[in-house]
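Trainee: Residue numbers (my numbering), protein chains in the order written: chain A, 549 to 817; chain B, 6 to 316.
Simulated from the structure, these hints should not be mistaken for lab results.
Just so it is clear, the structure is predicted and the values come from calculations on it, not from any experiment.
Just so you know, even glycine gets a beta-carbon here, dropped at the ideal spot from N, CA and C.
Errors might be hidden in some of the hints.
[Unchecked claim] Reference listing, derived: stretches of chain B covered by chain A, where coverage requires no fewer than 3 residues with Cβ under 8 Å from a Cβ of chain A:
no., segment
1, 49 to 61
2, 258 to 271
[Said to hold, decoys possible] Okay, the calculated beta carbon distance ranges per label pair:
no., chain 1, residue 1, chain 2, residue 2, range
3, A, V804, B, E123, 38 to 48 Å
4, B, R73, A, F800, 23 to 33 Å
5, A, M572, B, D169, 29 to 39 Å
6, A, I584, B, K182, 52 to 62 Å
7, B, D87, A, S806, 49 to 59 Å
8, B, E123, A, L764, 48 to 58 Å
9, B, D87, A, L761, 32 to 42 Å
10, A, R569, B, Y17, 33 to 43 Å
11, A, K663, B, Q16, 20 to 30 Å
12, B, S63, A, I767, 52 to 62 Å
13, A, S806, B, W230, 48 to 58 Å
14, A, I787, B, S60, 45 to 55 Å
15, B, D169, A, W695, 30 to 40 Å
16, B, A157, A, L807, 24 to 34 Å
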Amino acid sequence: MNWQNIKAVFYKDWRELLKSRQAMVTLIMVPVILMIILPAGIIISTMVKSDYLTDKNAQFMQYFPQNLLPPGLDELQKLLYAMLVIFNAPLFLLIPIMAASIIAANSFAGEKERKTLEGLLYTPVTDKELVLGKILVALAPAILISWLCFLVYGIMVNAMTYEVFHRLFFPTDMWIVLVLLLVPGMSFLSLSIVVAVSQRASGTWEAQQISALLVLPVIAFLISQSTGIFYVSLLGMIIIGLVILLIDAAIFFWIVKSLDRERMLTKLV
Amino acid sequence: MMIETTNISKQYPRVLAVDGVNLQVEKGMVFGLLGPNGAGKTTMVRLLTGILRPSAGSARVLGFDVGREGDRIRRQCGVQTDTNLYERLSARDNLLVWGRLYDLRGAPLRNRVDELIEQFDLTERADDMLGTFSKGMKQKVALARALVHDPALLFLDEPTAGLDPESSTDLLEYLQKYVERADRTVFLCSHRLEEVERLCQSVGIIHQGRLLACGSIAQLSAQIWREVVFTITLQQPALPYAGLLLQYGIKAEAHNSALSLVVQKQEDIAGIIRKLVHSGAEILEAVEQKHGLHDIYFHYLPRGNHELAKY
Ligand SMILES: Nc1ncnc2c1ncn2[C@@H]1O[C@H](COP(=O)(O)OP(=O)(O)OP(=O)(O)O)[C@@H](O)[C@H]1O
Ligand SMILES: [Mg+2]
Numbered sequence: 549m550n551w552q553n554i555k556a557v558f559y560k561d562w563r564e565l566l567k568s569r570q571a572m573v574t575l576i577m578v579p580v581i582l583m584i585i586l587p588a589g590i591i592i593s594t595m596v597k598s599d600y601l602t603d604k605n606a607q608f609m610q611y612f613p614q615n616l617l618p619p620g621l622d623e624l625q626k627l628l629y630a631m632l633v634i635f636n637a638p639l640f641l642l643i644p645i646m647a648a649s650i651i652a653a654n655s656f657a658g659e660k661e662r663k664t665l666e667g668l669l670y671t672p673v674t675d676k677e678l679v680l681g682k683i684l685v686a687l688a689p690a691i692l693i694s695w696l697c698f699l700v701y702g703i704m705v706n707a708m709t710y711e712v713f714h715r716l717f718f719p720t721d722m723w724i725v726l727v728l729l730l731v732p733g734m735s736f737l738s739l740s741i742v743v744a745v746s747q748r749a750s751g752t753w754e755a756q757q758i759s760a761l762l763v764l765p766v767i768a769f770l771i772s773q774s775t776g777i778f779y780v781s782l783l784g785m786i787i788i789g790l791v792i793l794l795i796d797a798a799i800f801f802w803i804v805k806s807l808d809r810e811r812m813l814t815k816l817v
Numbered sequence: 006m007m008i009e010t011t012n013i014s015k016q017y018p019r020v021l022a023v024d025g026v027n028l029q030v031e032k033g034m035v036f037g038l039l040g041p042n043g044a045g046k047t048t049m050v051r052l053l054t055g056i057l058r059p060s061a062g063s064a065r066v067l068g069f070d071v072g073r074e075g076d077r078i079r080r081q082c083g084v085q086t087d088t089n090l091y092e093r094l095s096a097r098d099n100l101l102v103w104g105r106l107y108d109l110r111g112a113p114l115r116n117r118v119d120e121l122i123e124q125f126d127l128t129e130r131a132d133d134m135l136g137t138f139s140k141g142m143k144q145k146v147a148l149a150r151a152l153v154h155d156p157a158l159l160f161l162d163e164p165t166a167g168l169d170p171e172s173s174t175d176l177l178e179y180l181q182k183y184v185e186r187a188d189r190t191v192f193l194c195s196h197r198l199e200e201v202e203r204l205c206q207s208v209g210i211i212h213q214g215r216l217l218a219c220g221s222i223a224q225l226s227a228q229i230w231r232e233v234v235f236t237i238t239l240q241q242p243a244l245p246y247a248g249l250l251l252q253y254g255i256k257a258e259a260h261n262s263a264l265s266l267v268v269q270k271q272e273d274i275a276g277i278i279r280k281l282v283h284s285g286a287e288i289l290e291a292v293e294q295k296h297g298l299h300d301i302y303f304h305y306l307p308r309g310n311h312e313l314a315k316y
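Chain A with its partners taken away, still in its complex shape (with noise of 0.2 Å):
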């Protein structure tokens, strides 16, 4: 295996993307909107209408498992806790899935739809470092993304709520695992599901809707959590991050080993 060719279709499904924009509008648009358009909504309303608002914020905090809040917050703190650190944590997970999904869906989907893959089959570059290129080029930008995102929105929660906490209140321990183990492996989670999904679908969109089926749980995630019906320990997102990443190496293995040139090509139409 050699690191140069895996480089160069890097570079080359990378070149591609930038020039793709329909995936470009979608991979900015979607993190501003979640990680910094709606928190920032949510945050200026609760602070400036707080009297308006807490009367229907009375009833979502009544519903809230308390037990989730740390103790000694007083009413309008644990409502933007709850909000920012608890609620958006799931919303959070959207984006390396999104797009983890993305980016494979154009790479791997992509490149059959558009007729490419032939003339690279080509070249000198063996199956695994075609497969680990393509891997990589989605999952280092999802992964990127979803940091950038994770650290524009600590510093724009910590500042924009400084005046009702008075202290740094973000990240918390969740976070830090859902940034290091969740973020990872659920872009790789959903990458390989676009593969997989490549190898039959015939076109990017058809690949990247049936990925967002992987969106589903996530929303069943952020259901539970905020209604308290499955509360998740700091424990237990760790033990999910880890069985995640587990099943990530089972899927990367079973992809390197069942790659054949021929079934490539073949399986072109």
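Based on these hints, arrange chain B with the ligands on the given structure of chain A.
Mentor: Chain B with the ligands alone, transformed into the frame defined by chain A:
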């Protein structure tokens, strides 16, 4: 020997696309593989570049076994087929990206790409998105891409498909220059007889996966037509002279003022012309009827009768 196949076959799920082909291509020559649609030409390229495994038989390309050492073969050959280029990238980017796949980097890569862009007359449009190019321009970029690492062996699968006469002439001229440089070999698949005739020192005719004939045009012609046919045009009606030649035991057919006759060897015609002149014939011209690739091709693949050609 650059390419040497031994009874190589490829079975797709429903079609036997290549059926026990034996062929050799020597270093420094242009080999043309001719055949109708679906004959197995593209499949042959895929086998020889090791991206398809042979179902039976074997082949060595550049001294490497196609089944086991495909990566080594692909490092040294360039392939142009009808697959698409990256439409969202510029022509230059397409070439740069490709060069990196062949381990070219930095200044040598940039210079090589500039050189190709100039050679293919793409300078003005080099930085436009490839999606905006016409078919012929894309075809040029595809060929430039196959040449980016200056491969020792070049596979071309219908390089002039969709090109206008000017562009295909340009392209063929470029190819000719490329092979004139020492030890560059080309494996050209085509169904354009005139282009194969012009470029190739050796041709193979393939039909339904079987190689029906292989060799230089002169060899193939000599295999099919053992005799030499001449047409002699006279100033006067030819019929009396046909009778005259018959006295010498030479059969000739007369049509108006033309005599056509069959001799065993080219040299025999000199004596015949002398006899005709002696008996008062005024000869305007004597032409040997040469068999071109066209005749050879349709000898093996009679029109509308392709099934017969199998036997
Ligand atoms: N991936 C595939 N799966 C099944 N059959 C295939 C596949 N590719 C080609 N074939 C079949 O193999 C035969 C040879 O095809 P091939 O593409 O090699 O022909 P060709 O000589 O290149 O034709 P053309 O001049 O039209 O390009 C055809 O009958 C074709 O249908
Ligand atoms: Mg073909």
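Trainee: Next, verify each hint and record whether it holds.
Mentor: Hints, one by one, checked against the model:
Check on the segment 49 to 61 of chain B: 5 of its residues sit with their Cβ under 8 Å from a Cβ of chain A, so the three-residue criterion for coverage holds. For the segment 258 to 271 of chain B, the proposed coverage by chain A is not satisfied: 0 residues have a C-beta within less than 8 Å of a C-beta in that chain, short of the threshold of three. Taking the beta carbon of each, A/V804 and B/E123 are about 41 Å apart, inside 38 to 48 Å as hinted. Restraint check, B/R73 to A/F800: a C-beta distance of roughly 26 Å satisfies the suggested window 23 to 33 Å.
Range check, A/M572 to B/D169: Cβ separation about 37 Å, and the 29 to 39 Å hint holds. Separated by about 58 Å at the C-beta atoms, A/I584 and B/K182 satisfy the suggested range of 52 to 62 Å. For the hinted restraint 49 to 59 Å between B/D87 and A/S806, the CB-CB distance of approximately 28 Å leaves it violated. Against the hinted window of 48 to 58 Å, the Cβ-Cβ separation of B/E123 and A/L764 comes to about 55 Å, which satisfies the hint.
Hint check: B/D87 to A/L761, Cβ distance near 35 Å, so the stated range 32 to 42 Å holds. Distance hint check: the CB atoms of A/R569 and B/Y17 are about 38 Å apart, consistent with the given range 33 to 43 Å. Against the hinted window of 20 to 30 Å, the Cβ-Cβ separation of A/K663 and B/Q16 comes to about 24 Å, which satisfies the hint. For B/S63 and A/I767, the hinted distance range of 52 to 62 Å is satisfied, since their beta carbons lie about 55 Å from each other.
Between A/S806 and B/W230 the Cβ separation comes to about 54 Å, which falls inside the hinted range of 48 to 58 Å. At roughly 49 Å, the beta carbons of A/I787 and B/S60 sit within the given window of 45 to 55 Å. Distance hint check for B/D169 and A/W695: the Cβ-Cβ separation is about 53 Å, which falls outside the suggested range of 30 to 40 Å. For B/A157 and A/L807, the hinted distance range of 24 to 34 Å is satisfied, since their beta carbons lie about 28 Å from each other.
Violated hints, listed in ascending order, are 2, 7, 15; each of the other numbered hints is respected by the structure.
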